[in-house]
Structure formats: structure tokens, C-alpha cells
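The numbers in UniProt numbering rise by one with no breaks, and the one at position 31 of the sequence shown is 31.
I should point out that these hints are in silico values taken from the structure, not numbers from a laboratory.
Backbone N, C-alpha and C define an ideal beta-carbon position, used for all residues, glycine too.
Each hint should be verified, as a subset may be incorrect.
What the hints assert, rightly or not - When the alpha-carbon atoms are kept at most 30 Å apart in a straight line, the in silico DSSO-like pairs for lysine-lysine are as follows:
id : residue 1 : residue 2
1  : 56        : 94
2  : 56        : 7
3  : 45        : 75
4  : 45        : 7
5  : 72        : 114
6  : 75        : 56
7  : 114       : 7
8  : 45        : 9
9  : 92        : 9
10 : 92        : 75
11 : 92        : 114
12 : 114       : 56
13 : 92        : 45
14 : 72        : 45
15 : 9         : 56
16 : 91        : 75
Stated by the list, open to error - What follows is a list of derived Cβ distance ranges for each label pair:
id : residue 1 : residue 2 : range
17 : 57        : 2         : 30 to 38 Å
18 : 112       : 55        : 29 to 37 Å
19 : 87        : 19        : 21 to 29 Å
20 : 76        : 55        : 25 to 33 Å
21 : 44        : 23        : 19 to 27 Å
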Amino acid sequence: MTTLLNKAKNILTTDETILFYTACSLDIFIYRSVARPGLLFLTNKRLFFYGPDVSKNPIFEEYSFANISNLKEQKRLFSNQIIFMYDNEWKKIKHIQTNDVSSLVQQIHEQLSK
1 MTTLLNKAKN ILTTDETILF YTACSLDIFI YRSVARPGLL FLTNKRLFFY
51 GPDVSKNPIF EEYSFANISN LKEQKRLFSN QIIFMYDNEW KKIKHIQTND
101 VSSLVQQIHE QLSK
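The task is simple: from the sequences and hints, build the whole structure.
Right, here's the structure in full:
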């Protein structure tokens with residue numbers, strides 16, 4: 001996880017700071033719905049997901065605050081997930097490795113309102 005964190009820090013711009021990060025999975029569609037593991041980062045400029053190399057194919061998904069809508073937390077039996085609309089497409093963040101998903105959602109809402 002530290003190598004993923006270091007690689008993701010190289011993606012940051014000079015005036016960007018990490019407010020929160022956690023291990024999770026991003027639900028993406030590649031011929032079927034697949035959960036890709038990685039790290040979710042909340043910065044003062046954007047929300048982004050960075051996943052490890054899988055057969056020389058790292059995943060980087062960036063979400064501008066201006067295009068995020070309908071952000072909410074979904075309660076599940078074993079863990080909660082975050083879903084939001086981004087450019088007319090639903091995005092799902094699953095298997096979130098933090099005890100307080102609600103505070104993460106609240107922090108994202110605070111960044112959206114700025």
C-alpha cells in the first residue's frame with residue numbers, strides 16, 4: 001500500500017494536498033462489473049482512485065468536484081459503499097477500509113460545496 005501511496009503522490013499538483021485516503025475497490029465495467037482494488041484519495045482539488053498495475057495496466061480515475069452529483073452512502077450488511085453520479089454515469093466505491101465511511105462522505109460534501 002505504501003508503494004501505491006507514493007505513486008499517487010507523484011500525480012498530485014503542487015498546490016494540492018491529500019485530505020483523506022483509504023484502501024477500497026472501484027466498481028468498473030469491463031465486459032462485466034469488476035471491483036478493482038486500490039486507494040481512494042480526497043484532495044482539496046479533486047477525488048481520485050489509483051489502483052495497482054494488473055498486467056502492466058494501472059488504473060487512474062479522476063473525479064472533478066464540479067461534475068459529481070447525488071453523492072451518498074449506501075449501507076450494506078458487511079460494509080458500506082459510496083455511490084455518486086459523475087458525467088451521467090453511476091460510480092461505486094466498495095470495500096472501503098475505514099471505520100467511518102460517514103465522515104468521508106461528509107468531507108466530500110464539504111469539498112463539493114466550496
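Hint check results:
{"no.": "1", "hint": "56 <-> 94", "in the structure": "holds, 23 Å"}
{"no.": "2", "hint": "56 <-> 7", "in the structure": "holds, 14 Å"}
{"no.": "3", "hint": "45 <-> 75", "in the structure": "holds, 27 Å"}
{"no.": "4", "hint": "45 <-> 7", "in the structure": "holds, 18 Å"}
{"no.": "5", "hint": "72 <-> 114", "in the structure": "holds, 18 Å"}
{"no.": "6", "hint": "75 <-> 56", "in the structure": "violated, 34 Å"}
{"no.": "7", "hint": "114 <-> 7", "in the structure": "holds, 27 Å"}
{"no.": "8", "hint": "45 <-> 9", "in the structure": "holds, 14 Å"}
{"no.": "9", "hint": "92 <-> 9", "in the structure": "holds, 23 Å"}
{"no.": "10", "hint": "92 <-> 75", "in the structure": "holds, 13 Å"}
{"no.": "11", "hint": "92 <-> 114", "in the structure": "holds, 23 Å"}
{"no.": "12", "hint": "114 <-> 56", "in the structure": "violated, 37 Å"}
{"no.": "13", "hint": "92 <-> 45", "in the structure": "holds, 20 Å"}
{"no.": "14", "hint": "72 <-> 45", "in the structure": "holds, 19 Å"}
{"no.": "15", "hint": "9 <-> 56", "in the structure": "holds, 19 Å"}
{"no.": "16", "hint": "91 <-> 75", "in the structure": "holds, 16 Å"}
{"no.": "17", "hint": "57 <-> 2: 30 to 38 Å", "in the structure": "violated, 21 Å"}
{"no.": "18", "hint": "112 <-> 55: 29 to 37 Å", "in the structure": "holds, 35 Å"}
{"no.": "19", "hint": "87 <-> 19: 21 to 29 Å", "in the structure": "holds, 23 Å"}
{"no.": "20", "hint": "76 <-> 55: 25 to 33 Å", "in the structure": "holds, 30 Å"}
{"no.": "21", "hint": "44 <-> 23: 19 to 27 Å", "in the structure": "holds, 21 Å"}
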